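Order-wise, the sequence lines are chains A and B.
Here this note's numbering is used: position 308 in the first sequence is 308, and no number is missing along the way.
Here this note's numbering is used: position 226 in the second sequence is 226, and no number is missing along the way.
Everything labelled a hint here was simulated from the structure, so no lab data went into it.
Quantities reported herein were computed from a predicted structural model and do not represent experimental measurements.
The beta carbon of each residue, even a glycine, is placed where N, CA and C say it ideally should be.
Each statement offered as a hint is correct.
Pairwise CB distance ranges, derived in the manner of DEER restraints: (1) A:Asp280 - B:Lys14: 49 to 59 Å; (2) A:Ala18 - B:Thr98: 13 to 23 Å; (3) B:Ala64 - A:Arg149: 41 to 51 Å; (4) A:Pro60 - B:Ala64: 57 to 67 Å; (5) A:Leu57 - B:Thr98: 30 to 40 Å; (6) B:Pro272 - A:Asp279: 56 to 66 Å; (7) B:Lys309 - A:Gln127: 47 to 57 Å; (8) A:Pro241 - B:Ala64: 55 to 65 Å; (9) B:Gly69 - A:Pro241: 49 to 59 Å; (10) B:Lys309 - A:Arg281: 53 to 63 Å; (11) B:Glu191 - A:Asp320: 33 to 43 Å.
Which residues of chain A face chain B? A few of them, derived with a C-beta cut under 10 Å, are: (12) Glu42; (13) Pro142; (14) Leu255.
So you can see what is in the structure, the chains are spelled out below.
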Amino acid sequence: MSSLLDVRDLSVAFDTAAGRFNAVQSVDLTVASGEVLCVVGESGSGKSVSVLAVMGLLPPTGRVTSQEIRFRGEDLRTATPRARRRLIGRDVAMVFQEPTSSLNPCYTIGWQIGEALRVHGATAPSQVRRRVLDLLGQVGVPAPEQRMRSFPHQLSGGLNQRVMIAMAIACDPALLIADEPTTALDVTVQQGVLDLLVGLQRDRGMGLVLITHDMGVVAQTAQRVQVMYAGQVMEEQPADPLFAHPRHPYTAALLDALPERAEGKLRLPTIPGMVPGIDDRPGGCLFAPRCRFTTPKCTADRPALRPVNGAKVRCHYPLDDAGQPTGWTLGGST
Amino acid sequence: MSVLAADNVTRHYKIGGRHVLKAVDGVSFELLAGRTLAVVGESGCGKSTLARLCALMEPPTAGAISIAGKPTAANQSLQLQNQMVFQNPYGSLNPRRTIGAILVEPLTINNRGSKPERIAAARRMLDRVGLRPEAFDRYPHMFSGGQRQRVAIARALMLSPAVVTADEPVSALDVSVQAQVLNLMRDLQDELGIAYLFISHDISVVRHMAQDVLVMYCGRPAEQGLRGEVLDRPLHPYTRMLLSSTPFVDPARRRMTMPVRGELPSPIDPPPGCAFNTRCPYAADRCTVERPALRSVESRLVACHFAEKIATEAPI
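Please put together the full structure from these sequences, using the hints given.
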């Protein structure tokens, strides 16, 4: 597996009326070809902003800093806008959350899928047409001949999302980034779209980055998982061990709060408090105010992301296989 | 004691003069005090319309709803007994009013108590739903989604209703906050004995919250009964499809699920016979001509010609 995308120490800040807000702080992101990486986090965790920064799709108010953003070894930070545009949409493609508002209501879906082909390699109209039909077939849109003349409002959300995926894979990208691709869809349709994404990824050997807040989606698709909280990566692990032995107390608490993991219990285990906002980010560990194992060290010292048992964890007291914090004593560290 | 009962409730909308959209078509249920009835189904199945009908926000075109044993047709004031909590707490709270004003308003409108009594009741309610006393003078934008949903729940409870109809109350919330709100709703139910009509598309939330389940498809009931029957041993192919497409939170149980065929048909022009026949793995000729009646099979109600056959098969 060769590395496709290498992002090191990415930070994104926005200047707001209330001061500078660090939406993303020092995030590393690597994806290899043929790999499915899930980035999971609650709202405001910075999961979308970090990939938008990589794609260069943030508004100018977003200040992006990084040590490295490389795609197939090419440095995207120094690339000219022209070179960047050539890459994005062709070699790196993206699927967004809300298909019906991401598509242009004024053009047929056939025209919109064809646009990607025309922009990135101007082929003859007959060729574009054949390729659009082929793509619609690949993403499982029934009766492509008729559908390519439809407008987005004539299709359901699930079909529109398939159209978005067809558009994204039109130029055979090496890396596909899907930002909450199934959040707006019913569960019955969600499964089909996830199967399609993972199937395409497998058949084409693409790298796939799936951004989601849904642990069920992660469990069904991911090979590797990055858990984000308040703009930082808290934990990174392959999927199987993550669900069996979460190392960060946040991941563990998040999994415990799921109703399906609490079967038979009357009350769900909760995480007290809420995700820190723009003006109440703590100085130490960002999760310290809500963590059950917080010590004075946690509130004073922000932990670094470090390797533990095959995982990377940003915690002073990573959890062991029994879910107990290592090196932790009540009231302080050893 | 039945606090909310629907008898063959139907709501049709005329569309463009010619078409009729059957949003809700012949739904009956009984909700008992202190219990939770969950209505589940895909978007467009009519579950939110059913909630609006039960809250008397619009009248049914046929059928009857009774609240606390009394028919609602001639008695709009029974509406006070069924209060609503909406999905999006960013849209359901007036941004220009303080939390205190929002909570006091239902009492003022209905002439309950003196002004100091109303304010005292609102403050007690704030405490009851786990908000700090300072919240009383603050505005909705100063709160997170989970806290706003607490305010919305508090507002619904101000008139001490027998039923609270909650339309997707946690689907706009993050998981960690969702658990807090679900726990709060359960605590309030234990304490006050209220019944919930709980509209949701999330099977795992329904499994956690409800004792009774009603599965809707294209405006009609597909299967209804006790949670343990309907969700643990589903007999309608649609219930089975819903359950099998809900992802397990466990990579070891990753599987190729029963592939879901097709999509929800247009509610303006549903297929003849059983509305589910276009997506059903069991569909036979009979299903395209004869609409299955809702009937009792193995201690639940199910609308499928093949329920007995499915009952003999292995559970999903």
